[in-house]
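Let chain A serve as the given structure and place chain B on it in line with the hints.
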Amino acid sequence: MIAGAVDAVLAAHNIRRRYGELLVLDGISLELGRREVVSVLGPSGCGKSTLLHILAGLDRPEEGAVYLEGRDITGHAGAVSYQQQKDLLLPWLTIVDNVGLALELSGTKRRRARDVAEESLEEFGLAGFGRHYPHQLSGGMRQRAALLRTHLYSRSVMLLDEPFGALDTITRGMMHDWLLDLLRRIETSVLLVTHDVEEAILLADRVIVLSPAPSRIVESVDIAIPRPRDGETVLSEEFRRYKANLVHALSPNLHGGGQ
Amino acid sequence: MALFDNGTVSHTESARSGSAGVTLLAPLALLLVWGGVTVGGVVPPYILPSPIQVLLVLVGRFPVMLPHILSTLEATVLGIVVALATASVLGVIMAIVPAVRRALYPLIIVTQTVPLIALAPLFILWFGFGLLPRILVVGLVCFFPILVSLMEGLSSVDSDQIDLLRSMGASRLDLFLRAQVPASVPHLFAGLRISATYSVMGAVIGEWLGGSEGIGVYMLRSQKAFALDRVFAAILVVVLFSFLVFGIVVGLQYLATPWMRTEKRIIR
Chain A
1 MIAGAVDAVL AAHNIRRRYG ELLVLDGISL ELGRREVVSV LGPSGCGKST
51 LLHILAGLDR PEEGAVYLEG RDITGHAGAV SYQQQKDLLL PWLTIVDNVG
101 LALELSGTKR RRARDVAEES LEEFGLAGFG RHYPHQLSGG MRQRAALLRT
151 HLYSRSVMLL DEPFGALDTI TRGMMHDWLL DLLRRIETSV LLVTHDVEEA
201 ILLADRVIVL SPAPSRIVES VDIAIPRPRD GETVLSEEFR RYKANLVHAL
251 SPNLHGGGQ
Chain B
1001 MALFDNGTVS HTESARSGSA GVTLLAPLAL LLVWGGVTVG GVVPPYILPS
1051 PIQVLLVLVG RFPVMLPHIL STLEATVLGI VVALATASVL GVIMAIVPAV
1101 RRALYPLIIV TQTVPLIALA PLFILWFGFG LLPRILVVGL VCFFPILVSL
1151 MEGLSSVDSD QIDLLRSMGA SRLDLFLRAQ VPASVPHLFA GLRISATYSV
1201 MGAVIGEWLG GSEGIGVYML RSQKAFALDR VFAAILVVVL FSFLVFGIVV
1251 GLQYLATPWM RTEKRIIR
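Order-wise, the sequence lines are chains A and B. Numbering of the first sequence is given in my numbering, commencing with residue 1 and proceeding in unit increments. Numbering of the second sequence is given in my numbering, commencing with residue 1001 and proceeding in unit increments.
If we strip away everything but chain B, and leave its shape as in the complex, we get:
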């Protein structure tokens, strides 16, 4: 499965061969430069810790970080699930009933324009310091790309295709279940991939603005203690985390869209 082939399928074999090498090249180069300037003493460790030091801190502090990691994971996953559920219900209704779409679309855009920094403290005020406000922040961040892509997908069916199915006696429900829904799946996953990359960041922001637990809280504490190596270790965790969530989405897409798996044309 090609994580960085943009998730959709390219039908060319050549695009795949050697792609792993290219994918690894840029991060490796970055790592080398980072390692070079820090180990070589160009930049002192209190400004920028070396990659080795960050790794050592990550391993050494892992038992302390683990509860934070799990807490963030929980908020992230639940947030995406909430976003997916809400966006699916709303997306379907908005795609079916144009009046609802016209009524709700502006409001939904408003939810995306209100700064999170202003909203998150309100969530805490309303829902306390527990898990719920953090789930809501993640959900708010993830909800929009899913909704937009789902609505796009539900209306992406070719009108000739609709005519053909109607000529075969398809009912409105048939059209929805057999054409609109399957056609929307790849679109839905395009939105989910965007949401996946936002989700961990959303959780961390939620924790920053008033959490008691989570990798964001750990990061903030480390920052206040000027423990830059721990901040970097936390950043590394967030990055790995985002990759994990993204990878899970790509994996689910692979399972959900068997017709889009890369396969060459058999016959030309």
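One chain only, chain A, in its complex shape:
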């Protein structure tokens, strides 16, 4: 893979990162195309979150570089948007202000930020909840508000670190349907870290599998299941073949990581 290829929005080139003696990321290179959704699968502790931290510019790799639209953004926070498992909405701000905060921090006037946030609420299934505080909303709604904030901050790339990991199965299924639908309408590239194989396949155009630390990419599978996809997709024969394939790719890693 060549870093900074023409159609790659985000590219990571040969990322290496160690914590003390422990080598966590051992030369990871990946590319994210325009409007592409890529899932990153890996056993826990394999450095998935470290990788996202580096891509988000919150952490610096010892070696390697991160490019956004061909521009080196290694170690520069604020170039792409980043979301974690926790919604991390500020409890003292209303939903509109929480969502608008992303814009305010990048220099938009508060009133304008509010207007933009208000207009986007409906698309994210939050119409009528703009004046509410986060604690008044359900987990799924809070996560959608967080996604809206992420989306407003950067329209080109969203890094999602197990965004639905804290939700119950039913809510998570609803969020998958909703996100699949949303991704058809908005123009954005998504890099999704998850440990849920079905989620990885269902949402993505491509799934990357990482080995246990020191992590390398051991598998990269293009998911050719046609869109639109929905909750029924996971029942298809095609989906099951992908799942079997990926579970197999993960299993030696799981055994290897068990010491």
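Quick caveat, the hints were computed from the structure, so don't treat them as lab data.
Taking CB as the label site, the calculated pair distances span:
| no. | chain 1 | residue 1 | chain 2 | residue 2 | range |
| --- | --- | --- | --- | --- | --- |
| 1 | B | Leu1173 | A | Gly75 | 14 to 22 Å |
| 2 | B | Thr1086 | A | Gly231 | 54 to 62 Å |
| 3 | B | Val1100 | A | Gly20 | 27 to 35 Å |
| 4 | B | Val1100 | A | Asp168 | 44 to 52 Å |
| 5 | A | Glu63 | B | Ile1248 | 57 to 65 Å |
Computed from a prediction, not measured in an experiment: that's the story for all the values here. Backbone N, C-alpha and C define an ideal beta-carbon position, used for all residues, glycine too.
What follows is chain B alone, placed relative to chain A:
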């Protein structure tokens, strides 16, 4: 507004219904026992005056007590304001600069370990018999809980939250103003509530140890005259006073933290 629901918000409706009844029950029972033993003649009035007598004295002596009450109120309010201002400035500096925190924290704890009884006369020696030494006593008593809770609050922001704001391009100042300061407000009020309950007592102690005016002075004089009913009337004033100050703090907290007002989750 629930004064005794511990000031923070409980999200359950059931905890609120009937809470007023329970809150009033214990004081009423106490009042009944007090009234029973005094009016019934079990305890003579020079040992313990009856609640009715205390109330009558309070009403009857009110014109005499009023200047004392106002004086104590002044010292209390100004003392809290001084404590709040000092603690806020110091708390912010100590939260931002770890070296300052390490240097000052032991000294600040020392100020809390020196007995007030020893300090108050010194204040009078240094600053005279006026309002200032009493304000300082109140300030000294109130300052510590505010400072500790403020520092706690300023450092209470989740590191993931900080990461997220940084990923959105937040500067150090942004993090401070948009995350640390608002996150510290509920903590600050927790400290203020403690200070509020101490404050009136602090003022009274200040007056005892050398004031010329105030409800503490009135109390001391009444005690020396063996006018137990007036002592009790003064105690009642101090209690009502403390409630007032506490209530004001709870009210301010309600205004300052709209997101913590009790509201049920709309959607589950």
